[in-house]
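2 protein chains.
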Amino acid sequence: MSNTNKPIDLAHSLSLFNDLWSPKRVATLNDYDIKIAKVSDSFVWHSHKDTDELFLVLSGTLTIQFHPGDGGNVVLGPNQLFIVPKGVEHCPRTENGEEVSILLVEPKGVVNTGEVTDAKLTNAVKDI
Amino acid sequence: MSNTNKPIDLAHSLSLFNDLWSPKRVATLNDYDIKIAKVSDSFVWHSHKDTDELFLVLSGTLTIQFHPGDGGNVVLGPNQLFIVPKGVEHCPRTENGEEVSILLVEPKGVVNTGEVTDAKLTNAVKDI
Chain A
1 MSNTNKPIDL
11 AHSLSLFNDL
21 WSPKRVATLN
31 DYDIKIAKVS
41 DSFVWHSHKD
51 TDELFLVLSG
61 TLTIQFHPGD
71 GGNVVLGPNQ
81 LFIVPKGVEH
91 CPRTENGEEV
101 SILLVEPKGV
111 VNTGEVTDAK
121 LTNAVKDI
Chain B
1 MSNTNKPIDL
11 AHSLSLFNDL
21 WSPKRVATLN
31 DYDIKIAKVS
41 DSFVWHSHKD
51 TDELFLVLSG
61 TLTIQFHPGD
71 GGNVVLGPNQ
81 LFIVPKGVEH
91 CPRTENGEEV
101 SILLVEPKGV
111 VNTGEVTDAK
121 LTNAVKDI
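These protein sequence lines are chains A and B, in that order.
When you number the first sequence by the UniProt record's numbering, it's gap-free, plus one each residue, and the end is 128.
When you number the second sequence by the UniProt record's numbering, it's gap-free, plus one each residue, and the end is 128.
Simulated from the structure, these hints should not be mistaken for laboratory data.
Since the model is a prediction, treat every value here as computed from it, not as a measurement.
Copies of the same chain are indistinguishable here, so a pair counts whether it falls within one copy or spans any two.
Okay, derived cross-link-like pairs now, PhoX-like style, lysine-lysine, Cα gap no bigger than 25 Å in a straight line:
(1) Lys49 / Lys108
(2) Lys126 / Lys86
(3) Lys49 / Lys6
(4) Lys86 / Lys6
(5) Lys38 / Lys49
(6) Lys49 / Lys126
(7) Lys126 / Lys108
Turn these sequences into a full structure, and let the hints guide you.
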């Protein structure tokens, strides 16, 4: 263990960056990453063929869009979470350009855009 | 997927039970459980030999005690998290009988008291 245990303060971690749709790793749990991100407007439709994906909203309102037949869109406010099942296409978005802060839990190595490559949006996770 | 996607509202889920030190599963992420619990006073010293354990405080203040040489106690307030590394003995507690709400992420099947069996405190996870 480290010499001095310190809490990970999500508000502080969020204050350290401003780029959007670019997850930052705040901790690891076995072979999973605990990540935070700031998001605004619409992401890209994508799926993760090998893993579920946990979204927990820390501030603001996030809509996770699904295709018809996949259960309908989910609207998440603070302290609301949703697990996107593996293989299910989804597209997160926010309304009216709101900036929303989220926490994500996924296995290490998962790319935010899944099977899709998007020059603007595909970002490898970075430590913070 | 379910016919109707619904957010998991942690405040609502917390309103559905009052028992202490008895984790409730609100979701699963691959082979991991996403759990919430209400805790008060002191738990039992224990470790989880095969897994890290994520604590995220939702309300109140949680102290996670560690033995000397293991980095010192961690005090977590709302929206602060800590990962207890696998194999490290720890004992969560709250001060002055405060009731604290926490979110836990662990592989399925992890028992809250780890290698220790305590008639009052050992609780299998339940769905909520």
